[in-house]
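Chains A and B are the protein sequences, given in the same order.
So the first sequence is numbered by our numbering: it starts at 17 and just counts up by one.
So the second sequence is numbered by our numbering: it starts at 10 and just counts up by one.
Simulated from the structure, these hints should not be mistaken for laboratory data.
Mixed in with the good hints, there may be bad ones.
Stated by the list, open to error - Here are the simulated BS3-like pairs of lysine-lysine, each with C-alpha atoms no more than 25 angstroms apart in a straight line:
1) K80/B - K108/B
2) K87/A - K73/A
3) K77/B - K65/B
4) K65/B - K108/B
5) K87/A - K51/B
6) K65/B - K25/A
7) K77/B - K108/B
8) K77/B - K73/A
9) K108/B - K51/B
10) K119/A - K65/B
11) K73/A - K65/B
12) K87/A - K119/A
13) K80/B - K87/A
14) K51/B - K25/A
15) K77/B - K87/A
16) K25/A - K87/A
17) K65/B - K51/B
18) K119/A - K73/A
19) K77/B - K119/A
20) K25/A - K119/A
21) K30/A - K87/A
Predicted, not measured: the structure shown is a model, and the values here were computed from it.
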Amino acid sequence: NAGVTQTPKFQVLKTGQSMTLQCAQDMNHNSMYWYRQDPGMGLRLIYYSASEGTTDKGEVPNGYNVSRLNKREFSLRLESAAPSQTSVYFCASSLDRVATNEKLFFGSGTQLSVL
Amino acid sequence: GESVGLHLPTLSVQEGDNSIINCAYSNSASDYFIWYKQESGKGPQFIIDIRSNMDKRQGQRVTVLLNKTVKHLSLQIAATQPGDSAVYFCAEIATGTDKLIFGTGTRLQVFP
């Protein structure tokens, strides 16, 4: 099983450019999440989707938008990239909300550099 | 505010020894705690979890201890192996929230 698949794995952007990070899971999970990980730090929640058709802000949502396209796919969009958004981005999914103590399954990450 | 932190950023152990990774948390409303392992170039991987109504839970070669009195969490790895080399994160969830808060991580290095 593929689990959680993220594309692309690497991306370099210029300040002001836009792009969309794609995420898909094949585990029939209801909840999906986007995290960012900066060097020497833990992961911080950007946005999450508790179920298909819903999205909510996490700890650091500014500068990002998300779309829960269907049950499998959850995309993250940077409308106008800034150097502060240089980070590694992880998508994750869980059968149900983490509030119910469901386990998170992570993708392998997208390394984004904004110049 | 809420925070989860680790005492040691890097831990070096000899192969075969036991490893202990510590974590402090400050949110007394947290009731579920998780340890993740992250290998280089990969996403975090679930290791073991514990709920606040427990003080110890054991898995295969790993044990998590929870001391709610001092808000302290630890991960013990028995007979540490080279494959255990990774960064380990503790994370917490407060009751009823969907915000999984991660600590900054501890790098475990295993040498022969």
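Verification of the supplied hints:
{"no.": "1", "hint": "K80/B - K108/B", "in the structure": "holds, 18 angstroms"}
{"no.": "2", "hint": "K87/A - K73/A", "in the structure": "holds, 18 angstroms"}
{"no.": "3", "hint": "K77/B - K65/B", "in the structure": "holds, 11 angstroms"}
{"no.": "4", "hint": "K65/B - K108/B", "in the structure": "holds, 23 angstroms"}
{"no.": "5", "hint": "K87/A - K51/B", "in the structure": "holds, 24 angstroms"}
{"no.": "6", "hint": "K65/B - K25/A", "in the structure": "violated, 38 angstroms"}
{"no.": "7", "hint": "K77/B - K108/B", "in the structure": "holds, 20 angstroms"}
{"no.": "8", "hint": "K77/B - K73/A", "in the structure": "violated, 29 angstroms"}
{"no.": "9", "hint": "K108/B - K51/B", "in the structure": "holds, 21 angstroms"}
{"no.": "10", "hint": "K119/A - K65/B", "in the structure": "holds, 19 angstroms"}
{"no.": "11", "hint": "K73/A - K65/B", "in the structure": "violated, 33 angstroms"}
{"no.": "12", "hint": "K87/A - K119/A", "in the structure": "holds, 17 angstroms"}
{"no.": "13", "hint": "K80/B - K87/A", "in the structure": "violated, 37 angstroms"}
{"no.": "14", "hint": "K51/B - K25/A", "in the structure": "holds, 11 angstroms"}
{"no.": "15", "hint": "K77/B - K87/A", "in the structure": "violated, 37 angstroms"}
{"no.": "16", "hint": "K25/A - K87/A", "in the structure": "holds, 22 angstroms"}
{"no.": "17", "hint": "K65/B - K51/B", "in the structure": "violated, 28 angstroms"}
{"no.": "18", "hint": "K119/A - K73/A", "in the structure": "holds, 20 angstroms"}
{"no.": "19", "hint": "K77/B - K119/A", "in the structure": "holds, 22 angstroms"}
{"no.": "20", "hint": "K25/A - K119/A", "in the structure": "holds, 23 angstroms"}
{"no.": "21", "hint": "K30/A - K87/A", "in the structure": "violated, 32 angstroms"}
Hints 6, 8, 11, 13, 15, 17 and 21 from the earlier list are contradicted by this structure; the remaining hints agree with it.
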